[in-house]
Amino acid sequence: MTIHLKIWRQKDVGSPGKLVDYTVDDVNPDMSFLEMLDWLNERLMNEGEEPVEFDHDCREGICGSCNLVLNGMAHGPEQGTAVCQLHMRKYRDGDTIVVEPWRAKAFPMIKDLVVDRSAFDRIMAAGGYISVNTGAPADANAIPVNKYDADLAFDYAACIGCGACVAACPNSSASLFTGAKISQLAHLPQGAPERKKRVVGMVEKMAREGFGDCSNFAECEAVCPAGISITAIAEMRREYAKALGEIE
Amino acid sequence: MTVINSEVLNSKVPEGDLKDKWENHKNNLRLVNPANKRKFTILIVGTGLAGASAAASLAELGYKVKVFCIQDSPRRAHSIAAQGGINAAKNYPNDGDSIWRLFHDTIKGGDYRSREANVFRLAQVSNNIIDQCVAQGVPFAREYGGLLDNRSFGGAQVSRTFYARGQTGQQLLLGAYSAMMRQVHAGRIEMLARREMLDLVKIEGKARGIIVRNLNNGELERYVGDAVLLCSGGYGNVYYLSTNAKNSNASAIWRCYKRGAQFANPSFTQIHPTCIPVSGKYQSKLTLMSESLRNDGRVWVSGKKNDDRHPNDIPEKERDYFLERRYPSFGNLVPRDVASRNAKYVCDEGRGASKTGLAVYLDFHDAIEADGIDTIKARYGNLFAMYEKITGENPYEVPMRIFPAVHFTMGGLWVDYNLSSTIPGLYVMGEANFADHGANRLGASALMQGLADGYFIIPNTLGDYLAENLHTQEVSTDHEAFDEVEKEAKERIHKLLNVQGRKTVLDFHRELGQLMWDNVGMSRNREGLEKAIRDIAQLREAFWKEVNIPGENNTYNKYLEYALRIADFMELGELMARDALEREESCGGHFREEYQSEDGEAVRDDEHFSHVAAWEYKGEDEAPVKHKEELNFEFVTPTQRSYK
Amino acid sequence: MSKAATFLNSQVGRKIATGVTGLGLVLFIIIHLIGNLSYYAGPEAMNTYSYTLHQMGPLLWIVRLGLLAFFLYHVWLGISIWMGRRKARPEAYEVYASRGGVSRQSWSARSMILTGILLFLFVITHLNTFAFHDFQTVMTGGLAMHDVHQRMTEVFQKPLYTIYYVAIMVLLGMHLRHGVWSAFQSLGWMSRKSNPVIYGIAFLLAFIIAIGFIGLPISIYLGLVP
Ligand SMILES: Cc1cc2nc3c(=O)[nH]c(=O)nc-3n(C[C@H](O)[C@H](O)[C@H](O)COP(=O)(O)OP(=O)(O)OC[C@H]3O[C@@H](n4cnc5c(N)ncnc54)[C@H](O)[C@@H]3O)c2cc1C
Ligand code: HEM
Ligand code: HEM
Ligand code: SF4
Ligand code: F3S
Ligand code: FES
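Protein chains in written order, with the working numbering: chain A, 162 to 409; chain B, 166 to 809; chain C, 265 to 490.
If you are wondering where the hints come from, they were derived from the structure by calculation, not from laboratory data. Just so you know, even glycine gets a beta-carbon here, dropped at the ideal spot from N, CA and C. Some hints could be false.
Stated by the list, open to error - Chain C regions said to be covered by chain A (calculated; three or more residues, Cβ under 8 Å): (1) 373-381; (2) 446-455.
To be verified - Derived EDC-like pairs: lysine to aspartate or glutamate, alpha-carbon spacing no greater than 20 Å straight-line: (3) B:K446 x A:D187; (4) C:K457 x A:D310; (5) A:K172 x C:E358; (6) B:K520 x B:D472; (7) A:K266 x A:D254; (8) C:K267 x A:E355; (9) B:K710 x A:E208; (10) A:K266 x C:E355; (11) C:K267 x A:E407; (12) B:K446 x A:D191; (13) C:K351 x A:E365; (14) A:K172 x B:E717.
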């Protein structure tokens, strides 16, 4: 099938970017979206043009590298799917797809569709952990965790750190990402001692990195490939209110 | 060919009873006092399970640590993709498991091509790993009583695999990553993402630094340290198509090989039987489907050649359930290498499924009939959904199509008991070393090994080396050794960019992959291996004449990154073929057609090949030299595997 | 910074404050609606309600000041959150679309700032029309009361006023359609299970409030109230 693409091209942060038209003729419906871009890139290279830069690694929807906004939707149209797992059979012959990078001040542009998401790492460094040194902690079964909490913690822990929540959020808020980590650790007994410090640290870092406020649009949940629920954001707020109510 | 029965390869395995070796060894290692730890800088390449856990643990001890990774975040290392689980000898289910049993299974699974002492230590620390991860908040699966759940994995007779849904690697890595980020926050770790190590800098014979390319702007950067830890993962991507992430590569270890680190058992590759088959030339990677599917699915192909009927139209009596037929007692649950090889054979006969003829059916029809669709849905719902997402076919109604794919490389840089390579100060961990898996890795053991290396082994053994080096001279990045190595790296990049040929990097990678898959794949023979050595050399030559690399060096340039890695794969591929050629036996993942029994089973040759083959680089136009580390089995007796 | 300041300056704190002030205003509106409904019970009821209210003296002023503070703070938060958007995404998407599904990016949600500002302007005109109006005095039950009933009747006999009020009340309904649910989420009162339920209840509440208010001008205009 034939697919028309309008792809954001930008040399670096300093240079202006624009949408450039490409047409890919021999698209196979079994191709993944990224394979179609590979295909396009091979053609561009053979024609002596510069290929389109985009980020990717596992191509299995787990590493969180891929980050494309397709026709205005982060990761494209399919629910619960990172764009590397989107296949061309979802499109029809002759479709036009606008391809843009994640856009947010906190995710500066690197080139074309590649951006820098290290702000997420810095939010994690601000408290997204349990402070145990490597050594000889108690036996793993010393603290039972009821299955309900363990499962809930897992639901939140499933975040792949892709940043689609920020990309899709009209406010560019990182609340879903941050809330997911806070909620995961809040549901485990191991996370309890640092609960307050963690939420205060992470919430403050999130703002300082330049992410916007959350207006409860829940667009983040709609695009999240890991299906993280905005309940994570509600929990984060609860944790925060409790923490500031009690911290000295 | 020169073979040296080597003194160079001193495995440094401590004396004593198997059970006491590690404890004794730890007691004898020299220590660095806390005040001095701060004076040492450790460079860690890679942030997978091995790298992240090592970085966190060493920083906690007080060392200054610098960590490098290719991805934009350390959390994206390939370990994130591991699905199944991690083994430990906790014996929580009380089904008779023990450290000894895990040790024995691992060494037997590796077809007696690994070091006893290392494997035993791995089994010993396996339990600490689980404790450590739980303390970090890793949400392992639990039972209703609140205790940890285990499952049986990869044909093991006991349930010793801990798991976190189908995302165990992700959860373990996030645990290690968060421990690492805690140290970043504390200022003890400097995290340098989107940096690719291009070469190793040796000063006075010791590893003292690395040259790194900043992938955002192409600049070469120099880092000096007191030790370099390679945790750069496996090299399965030499086959072009594999289950590895696209960025997985061999460059870090290959460059170190060329600087004098020996490369052990390069040809030992694991091919996983249940992956989603290739659908066309555009295919960029292969996706693993969990091995657990073989518990209920039945593997078959048509009895006829080139049968293009829809699988549901092929009547029962015309189907060949070849694994059940050939291995009546294990049936569909034979080990990975056996299942893979047999799938290849039926496809070679022209009986493969799919348009490409490169697939076999994995059929759940009988299981659904026997247990009901709900049970099957509960067991495999996620996997079936993933399969449908990728192929567009519904496995509840149409048999799945699967095919083997390259999955793991047991080979890697040679290391001693302390994880030190043959270059002093260069340590290798995780999949990058030749590891504890011998000729074949058991399911759920790679995660265990990566974390054992990083959390529990290197923090002990590194101090011993550093203590000895407390008074070595300080060097800075202005040292001429840095100038030299950086110059070489720069020249390589320019040389590549200046080729300006007509073929893309991917063309070459595909071609190399095909050569490797056909000749150094599941089933190998002398003729094919010799051909591979010749053809790869030609391909390499063509690469340096005809490759076309777009763009410039000073911006983000993915294809340039690839090209640099593929240049190294071109050399590594040849070494793999050479190693396979010289190992004249069949063991684990290495199957030589010349060495099989009458009914087609692998025949190991313990008399001549009970050793680790470690290759030493001798120069651009010279053949490498093979060193042997003899493997002595004091505590277990090697036996032949049989799954009939 | 004091704890309170830290809280109110944080993204989470600001949001909780938006929710608290928003819900405060909703509470006022509900009381106001109930008060207004006494119009249907005739002039005496309506005027007595207003009279009783004004008899509260200092308490009334405290409530009024509190309301004003809430109102202004809410407006300020709403505007500043909205302004923050552009800062957080200086370069807009060429194409932007909602994925739908669980997304709450309804029309109402997107236009909060617009409906909010219009409400703000409305309140100014509204105070001018009613609260600051120089009411006639009527004797009811031996007491001199403001004839609020008469003023309302007078106002809503004018078609422009009636249309204006009806339109604004639709906007109010929209503001609350997202607002009420959102406030619950902002205050962290949402769980995965309750989320769709509360989203539904919030819609109902917004609908009832809007319809309740709309009913009055329309029925007066059409002369449905004796
Ligand atoms: C699909 C799949 C499923 C698997 N499932 C299981 C399982 O269930 N159980 C199990 O035990 N094992 C499993 N494995 C195997 C296991 O995941 C890997 O062996 C293991 O994760 C390797 O970890 P590592 O730390 O050695 O390296 P990796 O996780 O591969 O990390 C490599 C790191 O090195 C960096 N790097 C590489 N080269 C350079 C360079 N030149 N410069 C700078 N940085 C560099 C990368 O950026 C990355 O950070 C699976 C593997 C695959 C492919
Ligand atoms: C009659 C008065 C008003 C009522 C009852 C009201 C009610 C509410 C409620 C309940 C919320 C949800 C709060 C939350 O999500 O936490 C809200 C949000 C909001 N209000 Fe109002 N509001 C009123 C007036 C205004 C005015 C005058 C403005 C003016 C600018 C305004 C702007 C906003 C905005 C922008 C939001 C969304 C804030 C966000 O979540 O980002 N509101 N309102
Ligand atoms: C159909 C709709 C409405 C009608 C008929 C109405 C009517 C009135 C009347 C008659 C008064 C004067 C009360 C008195 O002085 O005793 C009043 C006051 C007021 N109204 Fe409304 N109102 C309506 C909607 C609203 C809305 C939507 C808001 C807010 C967003 C609002 C805010 C106020 C305020 C703040 C006062 C002043 C209260 C005081 O004196 O302290 N009204 N309204
Ligand atoms: S919360 Fe979802 S969308 Fe956001 S980073 Fe995590 S996985 Fe991606
Ligand atoms: S889309 Fe944005 S506004 Fe909040 S609920 Fe999600 S972060
Ligand atoms: S490439 Fe890893 S999630 Fe898409």
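Given the hint that K446 (chain B) pairs with D191 (chain A), test it: the Cα-Cα distance must not exceed 20 Å.
Roughly 11 Å between the alpha carbons, so the hint for K446 (chain B) and D191 (chain A) holds.
Need the status of pair K172 (chain A), E358 (chain C): alpha-carbon distance at most 20 Å?
18 Å, holds
Coverage of the region 373-381 of chain C by chain A (three or more Cβ within 8 Å):
holds (count 3)
With a cut-off of 20 Å on the C-alpha distance, tell me whether K266 (chain A) and E355 (chain C) pass.
Roughly 8 Å separates the two Cα atoms, so the pair holds.
Take the C-alpha atoms of K266 (chain A) and D254 (chain A), compute the straight-line distance between them, and say whether it is at most 20 Å.
Roughly 35 Å separates the two Cα atoms, so the pair is violated.
Hinted pair K351 (chain C) and E365 (chain A), Cα distance within 20 Å:
The hint holds at about 17 Å.
Pairwise hint evaluation, E355 (chain A) against K267 (chain C), where the allowed Cα distance is 20 Å at most
18 Å, holds
Given the hinted pair K710 (chain B) and E208 (chain A), is their Cα-Cα distance within 20 Å?
Answer holds: K710 (chain B) to E208 (chain A) is near 18 Å, not above 20 Å.
Is it true that the CA of K172 (chain A) sits at most 20 Å from the CA of E717 (chain B)?
11 Å, holds
Sort out whether D187 (chain A) lies within 20 Å of K446 (chain B), counting only the CA atoms.
12 Å, holds
Hinted pair, alpha-carbon criterion (20 Å max): K267 (chain C), E407 (chain A). Please report holds or violated.
10 Å, holds
Please verify whether K457 (chain C) and D310 (chain A) have alpha carbons no more than 20 Å apart.
This hinted pair holds, its Cα atoms lying about 15 Å apart.
Hint 7 from the earlier list is the only one contradicted by this structure; the remaining hints agree with it.
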